[in-house]
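From first to last, the protein sequence lines are chains L and Y.
Position in the first sequence counted from 1, then plus 100, gives you the numbering used here.
Position in the second sequence counted from 1, then plus 3, gives you the numbering used here.
Honestly, the hints are just simulated from the structure, not real lab data.
Misleading hints may appear alongside valid ones.
As a list, the in silico BS3-like pairs of lysine-lysine whose alpha-carbon atoms are at most 27 Å apart [as the list claims (entries may be wrong)]:
| no. | chain 1 | residue 1 | chain 2 | residue 2 |
| --- | --- | --- | --- | --- |
| 1 | L | K142 | Y | K44 |
| 2 | L | K142 | Y | K22 |
| 3 | L | K101 | Y | K12 |
| 4 | Y | K22 | L | K101 |
| 5 | L | K101 | Y | K39 |
| 6 | L | K101 | Y | K47 |
| 7 | Y | K43 | L | K101 |
| 8 | L | K142 | Y | K47 |
| 9 | Y | K12 | L | K142 |
| 10 | Y | K74 | L | K142 |
| 11 | Y | K25 | L | K168 |
| 12 | Y | K47 | L | K168 |
| 13 | Y | K43 | L | K142 |
| 14 | L | K142 | Y | K25 |
On a predicted model such as this, the values are computed, not experimentally measured, just so you know.
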Amino acid sequence: KQEVTQIPAALSVPEGENLVLNCSFTDSAIYNLQWFRQDPGKGLTSLLLIQSSQREQTSGRLNASLDKSSGRSTLYIAASQPGDSATYLCAVQETSGSRLTFGEGTQLTVNP
Amino acid sequence: DTAVSQTPKYLVTQMGNDKSIKCEQNLGHDTMYWYKQDSKKFLKIMFSYNNKELIINETVPNRFSPKSPDKAHLNLHINSLELGDSAVYFCASSQRAGIGNTIYFGEGSWLTVV
Chain L
101 KQEVTQIPAA LSVPEGENLV LNCSFTDSAI YNLQWFRQDP GKGLTSLLLI
151 QSSQREQTSG RLNASLDKSS GRSTLYIAAS QPGDSATYLC AVQETSGSRL
201 TFGEGTQLTV NP
Chain Y
4 DTAVSQTPKY LVTQMGNDKS IKCEQNLGHD TMYWYKQDSK KFLKIMFSYN
54 NKELIINETV PNRFSPKSPD KAHLNLHINS LELGDSAVYF CASSQRAGIG
104 NTIYFGEGSW LTVV
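Next up, chain L with everything else stripped away, as it sits in the complex (with noise of 0.2 Å):
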């Protein structure tokens, strides 16, 4: 059974500071790892999603990578701003292909 663990649960830092959120799963047959914003209130929004062929994403100041054989991914986040502030969540998806499997998030709070 898929497991997917995200470190760290909460993290706190000051504007303009690059950080980096990991996530880890047990079962490196996946199909692809997405990266999810939420904001409070709010549904979720997909930010970066990786193939299992790839080894990393961009998008702005966000880059994910990927390491498939060991289970890891990260997402870094350069110059972070207070509208970063919000829990960003990591899936994987299974073979089966529609099915995602969710960590329990990481709660940025980025401090002006």
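Given chain L, put chain Y in place with the hints provided.
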């Protein structure tokens, strides 16, 4: 235009009641999902439908029954509500089931059972 919309957004109801949450997507997607986010913010899939056919049915109580009248709609009916059903329920959709399909989520429905 909202891509995946759910109603109601907030629902407070008493134990034992029967309630429904409706979901509609205007993206032309074939696949829809229901996820549950518990008090610890942990998201888990409950059901998935592809072209109105059930393809994922996780271990959830029989009191939960999804219904898909067409591929743009997936409603969630909950009978005999219990305190433990209090959670946020997210509807989602993707172009199709399978590899590499980005999943789009609705804004959630906050259910509180008292």
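Checked hints:
1. Between the alpha carbons of K142 (chain L) and K44 (chain Y) the distance comes to roughly 13 Å, so the proposed pair stays at or under 27 Å and holds.
2. For a cut-off of 27 Å, the pair hint linking K142 (chain L) to K22 (chain Y) stands: about 22 Å separates their Cα positions.
3. Taking the CA atoms of K101 (chain L) and K12 (chain Y), the gap is about 32 Å. The hint is violated against a cut of 27 Å.
4. Between the alpha carbons of K22 (chain Y) and K101 (chain L) the distance comes to roughly 32 Å, so the proposed pair goes past 27 Å and is violated.
5. Of the supplied pair hints, the one linking K101 (chain L) and K39 (chain Y) holds, its CA atoms being roughly 18 Å apart against a limit of 27 Å.
6. Among the hinted pairs, K101 (chain L) with K47 (chain Y) is consistent with the structure: their alpha-carbon atoms are about 13 Å apart, no more than 27 Å.
7. With a C-alpha separation of about 20 Å, the suggested pairing of K43 (chain Y) with K101 (chain L) holds against the 27 Å cut-off.
8. A hinted pair counts as satisfied when its Cα atoms are at most 27 Å apart, and K142 (chain L) with K47 (chain Y) qualifies at roughly 17 Å.
9. Proximity of K12 (chain Y) to K142 (chain L) is assessed by CA-CA distance (about 10 Å); at most 27 Å being required, the pair is judged to hold.
10. The hinted pair formed by K74 (chain Y) and K142 (chain L) meets the criterion: a straight-line CA distance of about 24 Å does not exceed 27 Å.
11. Restraint check for K25 (chain Y) and K168 (chain L): not satisfied, since their Cα atoms lie roughly 37 Å apart, outside the 27 Å limit.
12. Of the pairs offered as hints, the one joining K47 (chain Y) and K168 (chain L) holds, with about 22 Å between alpha carbons and a cut-off of 27 Å not exceeded.
13. Under the criterion of a C-alpha separation no larger than 27 Å, the hint pairing K43 (chain Y) with K142 (chain L) is consistent with the structure, at around 16 Å.
14. As the CA atoms of K142 (chain L) and K25 (chain Y) are separated by approximately 17 Å, the hinted pair is consistent with the 27 Å bound.
Figure legend: structure checked against the earlier numbered hints; hints not met, in rising order: 3, 4, 11.
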